[in-house]
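Using the sequences and the hints, build the whole thing.
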Amino acid sequence: MVRKVVRGFYAVAYAVKLCRPAVICAYPITPQTEIVENLATMYANGELGNCQYITAESEFGAASILVGASATGARTFTATCSQGLILMSEVLWNAAGMRLPIVMVIANRSLSAPLSIWNDHQDSMAMRDACIIQVYVENNQEAHDMIPQAYKIAENKDVMLPFMVCMDGYKLTHAYEPVDLLEQETVDSFLPPYDPPIKLTTKDPLTFGCYAPPHCYMEFRVVMQRAMMRAKKVMEEVFKEWAELTGRNWGGLIATDYMDNAETAVVAMGSVVGLVREVVEEMRKDGKKVGLVKIRSFRPFPTEELRKVMKDVENIVVFERAVSFGYEGPVSIDLKSALFGHSNAKVYSFAVGLGGRDIPRDLIRKCINNAIEGKVDEGFHFEGVKEFEEVII
Amino acid sequence: MKITLGAVSKPYSALKMKTGDWGTHWPKVDEELCTGCGTCEMFCPDMCIEVVKVGEEEVNGKIKEIKKAKVNYDYCKGCGLCAEVCPANAIKMELKDIYKV
Amino acid sequence: MKFFFSSGHGACPGCSLPIAVKNVLYALEGKCFVVNPTGCLEIISSQYDRSAWGVPYIHSVFENAAAVAAGIDAALKALGRKDEGHVVVFAGDGATADIGIGCLSGMFDRNHDVLYICLDNEAYQNTGNQQSGLTPPGSNTTTTPAGKILPGKIGRKKDMVAFALAHKIPYVATASVAYPNDIRRKVKRAVEFEGAKYIQILCPCVTGWGINSNETIKVARLAVETALYPIVEYENGELVRVRKIKERKPVEEYLKIQRRFRHLFKHPKGREIIEELQRIADENAKRFGLDE
Ligand SMILES: Cc1ncc(C[n+]2csc(CCOP(=O)(O)OP(=O)(O)O)c2C)c(N)n1
Ligand code: SF4
Ligand code: SF4
Ligand code: SF4
Ligand SMILES: [Mg+2]
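Chains as they are written, first to last, in my numbering: chain E, 1 to 393; chain Y, 1 to 101; chain R, 1 to 292.
Please keep in mind that the hints were generated in silico from the structure rather than gathered at the bench.
Straight line, CA to CA, 30 Å or less: simulated DSSO-like cross-link-like pairs of lysine-lysine:
no.: 1; chain 1: Y; residue 1: 53; chain 2: R; residue 2: 2
no.: 2; chain 1: E; residue 1: 233; chain 2: E; residue 2: 336
no.: 3; chain 1: R; residue 1: 188; chain 2: Y; residue 2: 70
no.: 4; chain 1: Y; residue 1: 92; chain 2: R; residue 2: 2
no.: 5; chain 1: E; residue 1: 203; chain 2: R; residue 2: 31
no.: 6; chain 1: R; residue 1: 218; chain 2: Y; residue 2: 28
Negatives, chain R to chain E, calculated, CB over 12 Å:
no.: 7; residue: 279
no.: 8; residue: 285
no.: 9; residue: 289
Quick reminder that beta carbons are idealized off the backbone N, C-alpha and C, glycines included.
Right, here's the structure in full:
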């Protein structure tokens, strides 16, 4: 293992290479571009073996190319975000229904309009219901480590679903961080070659992508839900195996800090977790009974795990990086429904850092304190917003 | 009912669908006129008319197969295309008995 | 099962799509992977547990067949399985010329080893005869209905042959389902070329065109004999062959037997459209030297 200071995009591109994908296909979009540029360089230098690297005409085309490749039995990779992910969305729903374990990195970025290239989670949240596994990573080491794990989980016969590794655009993709880069032998010993139970082949000419009339459509949705639920167990197992193999234990579907005897749980996903953890540590030093709950897997949603850790807390503070307009933040929506009937905790939900707005440490502390001290109402708030006047022109 | 991974289906599973009752007419092949040329077979949209060997004959000292068009009424939709394209005019479309008053 | 496409599919009686498909698969002896976007062919042949296909087949969505095919091509190359078979797309005119044209351009541009066949029934037939970029002028579709003022579709049929040629792909041809031998020959010729191939086959639709179930072949022949549907063949950008016409027929002969054009014979603007169509036919005959 070599520790190197690398940027996030390189950390994931390098991990992808170690997973020996057969077909890589993507379309550039800020801030994902450097991921595929790095893969293109490896391809140009002959470092990707027999892999085919295809420059698609759009994200829609890229996702479609991977549907064909994956159905033919190839391990596939793509990366995108924001407008690109939304453009892919029709195909990604289709890939999930066809049970194709395509792995992709989402360099999380906000959605237009207004146009913004900066980070929040609105893009991947829009794909929440598509039967695609979504894991949010906190730093570049976790992003690097997640790639081989993503393949192993997605390609598990009990799962067979697409997988999104969500890493915050710029904040992680472009950040320099020290990363222990995996060795090829380590990945090879962990991740077997892709051998799907069914594939397109003239030797056994199956029909893929059938339509289902009302007499059988619903059953296919039932088995998709089952696959997602089975994925929880598979993920726990793979995460554990990874921890044993590399010594790096990232936790399960959730990871917690300071949650023993915590009265207030602070929930976050993605790169903001690091900052939130620091604030929680400081508050602990001040004698405040706060703890951190990092949600790693947003789909499948860690319902049981959250119920367990939140059992005795009085306040829950959620830092949201997206909005379900007309309702509230998507994480607290799901969290509340998971805890309904299991907890009487008050839930305070704060949308922060939308479209790349800075998330200062003081803001995080203020939000948590306000919730603990009852200075804000329960429910949904935008935080870090400037004073403004809403006008027509 | 079996629910397969990703709704994948077996080849030719459509054969379970007998479409022979869709049409009002049947094609009837006049074996006297049929030369076994296979034109109808190349055109039938439902893969239900086929040229098959019905015997052999000797032509100039050589053994030649005698072939005639045979209809599979389990699937024939009675479109009438075979009758239309037959160069020997060997196929007539006949009203099915159940439609006769 | 020499046609690799079975009975029991759900096409309207007399539909010409299966005729094109069976002849293509026959020519390739079933050694192929089929990609088929949403449309009539997909709906009639790929209901769950009711597949008519005897070759590996995939349907993804309406507008991405060319890209899915490119993915199969890439996977076969990466996995060292190129010898398993050809990659063939069967796509409707709407899937090809309208909604899927971006993916098609990408596939042509990257020159994947794919035979792309457009089954041209000149409208969105699966959804009930709405106009497409390949609907000819004057056609009465449900989105270009003949009304008191408008005489059906205004505008021309998109020139997809020119589109394909502009991408400098090695093989481009048109065909008509009236001539299955020609289809088979062209398919065999096409797959001799490495790279992207485009064949557009005219496939009359019984319901959308308003013809009898036993007339699809006759109509497919008349389209060629009037020069409204020129049958051409390009290799490496060169026109190498055309289907000559012995005695070119006036377009009226073709139009009058189809419900989609019948209004032209009484609509105030109908004459104008018929003349326009005749002009198009004359242009085709001249441009490709169709008259014998
Ligand atoms: C994105 C999307 N838009 C619209 C549709 C509805 N739709 C399904 S098939 C079809 C028309 C197909 O037309 P064409 O490609 O010409 O094939 P045909 O059915 O005529 O053979 C339409 C509009 C769809 N399935 N997906
Ligand atoms: S087309 Fe006519 S002559 Fe030829 S095989 Fe068929 S029925 Fe016989
Ligand atoms: S009537 Fe139509 S379906 Fe029946 S055999 Fe003739 S061509 Fe085939
Ligand atoms: S609507 Fe037209 S194209 Fe579709 S199955 Fe019927 S005849 Fe064929
Ligand atoms: Mg069409």
